[in-house]
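This is what each chain is made of:
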Amino acid sequence: MEMATQNPIQHFSTDQLNHLQDQLNGMHLPWLAERRQHALSRFIETGFPGRKHEEWRYTPTRDIEKHDFKPVTSPTLVDTNVILKHQISNALTLVFVDGFFQPDLSRIDTSALPVTVTNLASALDQFPDLVETHLDSINQNHHGFCYLNSAFFNDGLFVHIPEFTALDIPIHVIHAGSTSDAMISTRNLVIAEQDSSCHIIETWISNDTPRLTNSVTEMIAADNARIEMNNIQDQGNNSYHISTTWSQLANSAQLTHHGFNFGGQLVRNDINTLLGNNAKCRHSGLTVTRHNQHIDNHLRIEHLYPEASSQVLYKNIADDKSRAVFQGCIVVHKDAQQTDSNMSNPNLLLSNDAIINTKPQLQIDADDVQCAHGVTVGELEQSALFFLRSRGLDEHTARNILTFAFANETIQDITSTELKSMVLDKLLTHFPQSAIRVDWL
Amino acid sequence: MLDIQNLHATVNDKPILNGINLQVNAGEVHAIMGPNGSGKSTTAYVLAGRDGYDVNQGHISFEGKNLLDMEPEIRTRAGLFLGFQYPVEIPGVSNMYMLKAALNAIRMHRGEGELDAIDFLQLVKQKARELNIDEKFLYRDVNVGFSGGEKKRNEILQMAMLEPKLVVLDEIDSGLDIDALKVVADGINALRSPERAFVIVTHYKRLLDYIQPDFVHVLSEGRIVKSGNISLADELEEQGYGWIETAPTGTDG
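These protein sequence lines map, in sequence, to chains A and B. In this text, residue positions in the first sequence follow my numbering: the first is 1, and each later residue adds one. In this text, residue positions in the second sequence follow my numbering: the first is 1, and each later residue adds one.
Hints listed in this document are in silico derivations from the structure and should not be mistaken for laboratory results. Some hints here could point you the wrong way.
Stated by the list, open to error - Pair by pair, the computed Cβ-Cβ distance ranges are:
#1 A:357 with B:56: 37 to 47 Å
#2 A:340 with B:144: 24 to 34 Å
#3 A:112 with B:144: 37 to 47 Å
#4 B:195 with A:353: 41 to 51 Å
#5 B:122 with A:421: 19 to 29 Å
#6 A:112 with B:145: 18 to 28 Å
#7 A:132 with B:144: 25 to 35 Å
#8 A:10 with B:114: 53 to 63 Å
#9 A:340 with B:190: 48 to 58 Å
#10 A:357 with B:212: 40 to 50 Å
#11 B:117 with A:368: 18 to 28 Å
#12 B:123 with A:421: 46 to 56 Å
#13 B:144 with A:357: 23 to 33 Å
Nothing here was measured: the structure is a model prediction, and the numbers come from that model. By construction, the Cβ of each residue, glycine as well, lies at the ideal position given by its N, Cα and C atoms.
Please build the complete structure, drawing on both the sequences and the hints.
In C-alpha cells, the structure reads:
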C-alpha cells in the first residue's frame, strides 16, 4: 500500500511519538499501551486511505496531507459563551475543548442515577476492566484514520447503562476547539445493557482555524436495548473532520441515528451498523454543502441474523462549487432471512457547479428478504416555484422555502423539541439563502 | 380593470393564442369556455406570467399598467390571483406557512405591515370555516394527500385570504363532485363585489349555473369566436362546440 506523502506524524521521530503516546490518558494500563503502539505501527505502514481505495475514491484526503496537523498536548481555551449557547437544558453535558475534557464546563452529576456517564479517561481509571472488554470490540480499525485514532485518542465519552434501566435525560457531548493545526483524536464508548435505553447528542463546533478532528465511536446495544444518537457537525470552514461510528445491535435492540452536517471543509462520516436477530436501525441524515465544502457520508449496514430491519434516509443539498457524497451499502448475510431494508437518498442540486456523488449498494446472500433503495438527484421543481411566486413570494424566497421543505423532513424526525429547534437554527444559518421565517414554522 | 389586446402567445414555439381581445371591468364575472386545446389554460398562465408561455404580439394592461412587464409575484401583489387547474403539492411546507408567507408578502407590498400571529390565525380559521375546510388541513403540507376536491377548496381558501382584485380561475371545477362544486361556487360568490372581477375558465356549464357570470366567451383555436350571456353556455351545453368551430370570428366581449 502506498505511504501517504504527508501525514500528521511524519515529522516526529519514534522517540517523539512514544513520548506523545506516554502523555495520553490510560497509558498506565498495559493493554492500552500495547494497543496504541500496535495501532501506531499499523498507521505508519498504511498512512491515510487515498483515491486508490474504492471506498475513498471521492474523498480528497490529499487536502489533509497539504496541512501540517499535529497532536496537541493542551487545549486553547475558547469563549465559554459559545459553548453555553449550544447547551441543551436538563442534559448531562460533557464539554471537550481540542479533545480535552473540561470538568468546569460540564454537568455530569449522575449520583442520583444508576448509570455511568463520564469521560473516557475517568472510566479508564475507575472501570478499566469494563473498558478493556468493550473498547475496540466492534471497531474494526479498517482504515488509516482509525489506526491514527487508536494510536492517539486521549479522551471522549463513556456511557454505561445497566440492564433494565432507562436514562430519560439526554447525554450531550460538545466538542469545541480553536487550536490552529491541531490534530484531535477522540474516542466514544457507549454500552447499553439488556433492556436499557439512552439518548445521546454530539455537537461539533469550532472557529475557522485549520484543524483535523478524527473521532471513533463504538455503541454496543445488548438484547432489547435502545440507543438514539444525534450528531450535529457544524465546525468552521477550515475544519477537516473524520468520524467513524460502529454500532452493534443484539437481539431486538434498536438504534436511531441522525447525522446533520453543515460545517467543515472536508468531512467524512463512516457509519457501520451490525444487526442482530430482530434488531432495528434507523439512520437519517441531512447534509448541506456550500462554497467548496466536501461532505461525504458512508453507511454500511450488515444484516447478520434473521428478521432485522434497517431504514435509511439521507438527504444532500449542494450549492456553489461544493460536493456531497453518499455511499450506502446494505449487506444481507446468508442467515439473515426476513430482512426488511429500505434506503433512500434524495439529493438537491442548487447550482450548476455543485456535485453530488451517490452510490447505493445492496449485497444480498439470503433469498427471503425485502430490500428497496431509491436515489434521486434533482433541482427545485419549476411548477412549485411558479406556484409560490403566483402567491406573491419573490423568486429568492420561493427557492428558499422549497429548499427548506426538502430538508425539513429529516429535521422533523428529531424527537426532542429543543434539539429540533437547535438543528433548525443551524440549518437556517447555513442556508443557501436566508429568508425563512422561523417564527412562522 | 383588465384589457387584453390582440394577444398572441406560443408554447414551445407552437402558436396557441392567435389574437385574443377581452376587456374586463371591475365587478364583472367573465366565463371563458371552449374545447380542449383552444387556449383556455394558456390564457390563464399568460395572465399569471408563467415561464414558457411566450407573448409575441399584443398587450395586456391591468389597472392601466403593462401586466406583461411584471414578474409573476408582482402581478399577484398588484391584485391578480390565479387558481390552478392542477394545484401543486409541496411536501415539507405547511399550508399555514405558505398562506402566512403569501399574505404577508402582499400586505407588505400594500404597505399594511405583517399580520400578527393571533390575527392571522383568527382570519385563516374563519375563512377555512366558511369554505368548509377542516382546520387540520391548515397544518398539513400544501396539497399533500389532499383529494381533488380538497385541493380546489384550498385554492379558494388562498383566494379568500389574499383578497385579489382580479381572480383568474383555471378549470377550478374539474374533478369536483356536486357538494365540492357547491362549496367552491359559494366561495367564489362570497367574494363577488363591485371592486372585484373574475375570469373563470371552464369546460362545463354546471359551475356557471351557480355563479351566473355576466359574460360568456367561447375560445376556439386561440381566439374568442363568440361572446354572449349565460344563454350562450346553455347553447353550448345543448349543441357542443362543433357549431362554433365553423362559425366566423365573432364579436369580442
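Those earlier numbered hints the structure runs against, lowest number first:
Structure breaks hints 6, 7, 10, 11, 12.
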